[in-house]
Amino acid sequence: MRSFSDYNPIAVTVWFFSVTGIAMFSSYPLIMLMSLLGGAAFFILRSGLSRGKEHLFFWGLFLILALANPLISHNGKTVLFVMDHNPVTLEAALYGLNSAAMIVGVLYWFRSFTQIMTSEKLLYITGALSPKLSLILSMALRFVPLFSRQSAKINSAQKAMGLYKDDNIIDDIKGKSRGFSILVTWALENGIITADSMEARGFGTHRRTQLRRFGFRAADIALLAASLVLLGIAAAAAGSGSLDFSFYPTISAEAPDKLGKAGLIAYGALIMLPIIIETEVSLRWKFLRSGI
Amino acid sequence: MEILAVRDLTFTYPKCSSPAVKNVSFSLERGEFAVLCGATGSGKSTLLRMLKRELTPVGDMSGIIAFCGAPLAELDYMTAASAIGFVMQDPEQQTVTDKVWHELAFGLENLGTPPDEISRRIAEMASYFGIGEWYDKDVSELSGGQKQLLNLASVLVMQPQLLILDEPTAQLDPIASADFIATLKRLCSDFSITIVIAEHRLEEVVPLCDRLLVMEKGALIADAPPRDVIAKLKERKDILCGMPAAARLYAELGGSGLCPLTVREGRSFIENSFGNTTRGLPQASCSHSGEAALEFKNVYFRYERNDRDILSGLNLKIYCGELFCILGGNGSGKTTALSAAAGLLKAYSGSIKIFGKKLKEYRNRSLYRECLAMLPQDVQTVFLKSTVREELDECGADITELPYDISHLMDKHPYDLSGGEQQLISLAKVLAAKPKLLLLDEPTKGLDASAKLNIISILRSLRDREITVVTVTHDVEFAAAFADRCAMFFAGSIVGIGAPNEFFAGNSFYTTAVSRMTRGCFDNAVTLEDAVKLCSLNGRKER
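Heads up: the sequence lines are chains A and B, in that order. Each residue of the first sequence is one higher than the last, beginning at 1 in the numbering used here. Each residue of the second sequence is one higher than the last, beginning at 1001 in the numbering used here.
Isolated chain B, as found in the complex:
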């Protein structure tokens, strides 16, 4: 049965010359799992919002949107609210109430459902999602992943037939987002709920989906099962850069036959098509100056007297001019270590030295003058003014000195920019203080693949200016692509450290997709470039 049909949909925002959505037509059957992808600003969010009547933006619209055969505009209020569910990007901002149970009940309360019925439905939902344990908690106590799961559950209690998700995993760490996507797949196969999800982290979701829709500049340029789309768009590197590593490898090497999507398929693609006489690439030895930019010595920290130690005996030396990357799971203490280095938190034992000088010897905030700067995870906390220009003038930033161009953004409000642009502006702001040591907390959070590549090239140009950069991240692929050295953080201290090639080749689980794909076949291949080089060196197998 056809759940959703969109025909010749065109939409133009007021005062805009070109339409945000152009002649889009597609339809979804019951139980289909469709992924919508495209660069930032390609009209994904606009299209999704048009499918949910309550969120439809103001502007000129033509074309037809039909839900279960009836035009969307003619649905009654109750059906429109309950039959189409919408989950947004930010886990925190879309929650309404303070308690988990109240959030679950919120939608049903709005529809005037009798109290007994509400109790039953939310109990059912809490059991299905396994959130019985945090049923009585405050929403603010939950982790980002739990919050997003709660948002999903509180939409599902209204029993929607169509579920629309606008980048739901952008703010989550990789483990939580894989969980979230797996939950979606389960909903789709257990209850045949139709799902449309906009995403730019496609590694997990593409292998699971039935349909891949690709948007570019407001138009739908592909609408087919994922393997067909990738085969069709093989030449479009800009679109493929967010796809699973196996698919990108296939496209880079001009593969033929069925396109691989998962690590398993990628591995058999390499083993079947390429030899492995050359097993490894010559490794550039990792060299560093002997001088330490940041040094932790036996550092212990806890938030409350009776809490557990968050940093317990942390020892770490980061050398001048390095791009250093700290990886690790949620709650392992990565961010805490960074805040302690920035002097925001005070360790109760041990010493932290910045450029050979103890942290407490930097008096009168001299630490933050031409020495150290830290960019927090939530970039919105960086902005204070209503335009980018004021923002940069305030801290005396000179945009001509930056390694990238932001002149076209100068008159916008910082909150109106995309995640990637916000990251660039905040970097510009932080670089104005001319730090020699830059601490970054999750700089790729919520960014699409091309914005990530941009950040990588900026970080490299910062290294050329001899700025030491310490980055905390969950993003394994990102770390492998730019870091000089990586370290794994676990339970408050460093458990493994090394150059990306050896570091990721040594890990079996916490490592890049390429490393997992080429293990045992090639040595120390960690990034896609490594794998592509090795494959082309070895050449295709003769059939």
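Bound-form chain A, shown alone:
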């Protein structure tokens, strides 16, 4: 009984890149629509309705992108109206909507992806490629916040000792730059101790192994296989030209053939995968809980 985010990170990552990959390389409006709605729905499903600011940002961006295209691009045959001697066309407006849907959809997906991919999962994935790379990443993840904390400490220490003489920007910049230079020295000093500590614990004596905190279970394999199969169908449809769609000079698209239809269904199924998993989990949990 695991929710989608608890599945093996490799399976989850493959699924994410399948969804976003198809969305980025195809320009078929229905795919864009599915990706945008799916991305927004998935984000809401995971974080609830509380993230008002983020939604506002995404839809604001959507509006800007959708409006920018017809104002800049004047391709297309159907002129809606003329603004400042420039024609604004229907085709450019639709193209703007389509690409805005693509970008905002992918942004939604990645927002959810960064929530799910905690540093640990990232380490697991890089560790599968190379344990050393994973160690470097882990050390970097420790160093960056350590740096900013130390820098804040140095600044307040210097402030309370009267380093800043005046309340103006130039003095602030001078003070901050002095603080930064000692921060580098501090990091190097710090690095020596960390290196000693690594060596004392046998770093470099042997080929590194890595502790794995995520296993591959049957459900993970099923998710991985399903993602790959659905990706294969959707990619074949998009790649073979069955899902071509052109906006300029006039909108022209043939009704999708069999492969195209299969591709659309496959993409829809791909997007539905986590929602199916979550629903299944919550239903099963309800049933099980009634037996407790």
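The set of hints was computed from the structure by calculation and includes no laboratory data. A couple of the hints might just be wrong.
[As the list claims (entries may be wrong)] FRET-style restraints, in silico, Cβ to Cβ:
| id | chain 1 | residue 1 | chain 2 | residue 2 | range |
| --- | --- | --- | --- | --- | --- |
| 1 | B | Ser1418 | A | Phe57 | 51 to 59 Å |
| 2 | B | Ala1491 | A | Phe57 | 55 to 63 Å |
| 3 | B | Ser1386 | A | Ile173 | 18 to 26 Å |
| 4 | B | Met1078 | A | Leu283 | 25 to 33 Å |
For each residue, glycine too, the CB sits at the ideal point set by N, CA and C.
Put chain B on the given structure of chain A with help from the hints.
Frame of chain A, contents of chain B only:
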């Protein structure tokens, strides 16, 4: 079985004329708990680093170091890394990775242990140390004591036979360090791990150890059970100044018989050897000028809107010319109060006045000009330059005006100095701004006993210059030795306040070792000097 044998070890750093370690010989049996003590710069760290091959410094070495009968240099890499564990001083800097579980796994991953074996061993270790709860946390979320425990645990997963610790509790508060030492003792008796630990806070560790090694100028001058060492070095006050209070009392009074080490033993030593017809010393009444240097009135502070209050209704008045000391446990809000007074944090309610003027009326950073200065806990954050001279020139410090001498340190890099010296330089830096109110956050952190005495005498000379000093500390003995008034901080406000004698005599648990030893026998004896005076006034009991 002999785990470690060192014979005629001499070591000289490159370009140094005199050796850092001179003709040192000693050996350790399995399961022995040995404490290595000595003044800063006596060669303790060098000696310990020579016992761990990966950390051996570069230089000329002669003599033999044998681990389990084989020379250290001939051990294979795996054994050298895993069988000898080393824990360093700074809890933060010796951690490598960002997560607790990864830190625990780090050593085993290096040795190429199979993943399943790693999982089992770290689960075992996490259960033994009770760190299961913070297993998934970021290392940065842990407290100093927890970090140091993690460092110990991540060395122990490699199953060492010899554990070397170089001042592991120097950066910890007293409660965390007592915990840490107790854990070491448990390891020693439960698993017969051999332990060598260098320390200068000896109050807790000396009563627990089997052997006390004393170093002076690179040579080993004593190597015996602690009671014998103290009896032998009775006359050497400079070496004894870090020892447990009972042992120092014994040495000061020229006691005979078995040397007491713990509070319990010290108490029976006093009761059996001295009378108590004179119960107390005349108390100097605590007088202060009526003018307040720093005043908190109903101050409330929290870091985040939805957090709890860190300062809740703090009321406190500190008078001009006072040496004031704020004591309290971890997370009680002491440091926060100090930062709020220094204008680094803004209270959401209440007022803070510095010399009768509200904090927000000090515009354009005039607060920090000849008025107030604060020295943070981490002295390394004070330094900006590559030599002490540049450091002091920058802020216009005049070293001839200081109440102490630092002229011999002028051309060194501030990071190369010992903790005590760093503290002196940062004080010099802060005094250059000619503050009238000085705020110190844990000035004795990581210092050895003689450096602490030095700080105490400096603080007293600052009082003569009419500088008001507010110190935040965990160190009860230090507070008792210098403060005019002490206050206990708890849950965001002050719960007890008074001159050290009455303050510590009124506390039963949060008080000095001498006070605990003499309770009920003498009145208001708080420092060692008090106890020594009272004992000599009363005289020895006739047998």
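### Task
Hint says 25 to 33 Å; check whether the CB-CB distance for B/Met1078 and A/Leu283 agrees.
violated, 52 Å
### Query
Per the hint of 51 to 59 Å, is the separation of the Cβ atoms of B/Ser1418 and A/Phe57 within bounds?
holds, 53 Å
### Task
May I ask you to test the hint 18 to 26 Å on the CB atoms belonging to B/Ser1386 and A/Ile173?
holds, 21 Å
### Message
I want to verify a distance hint. Is the separation of the beta carbons of B/Ala1491 and A/Phe57 within 55 to 63 Å?
### Response
violated, 41 Å
In terms of the numbered hints stated before, the structure departs from hints 2 and 4, listed from lowest to highest.
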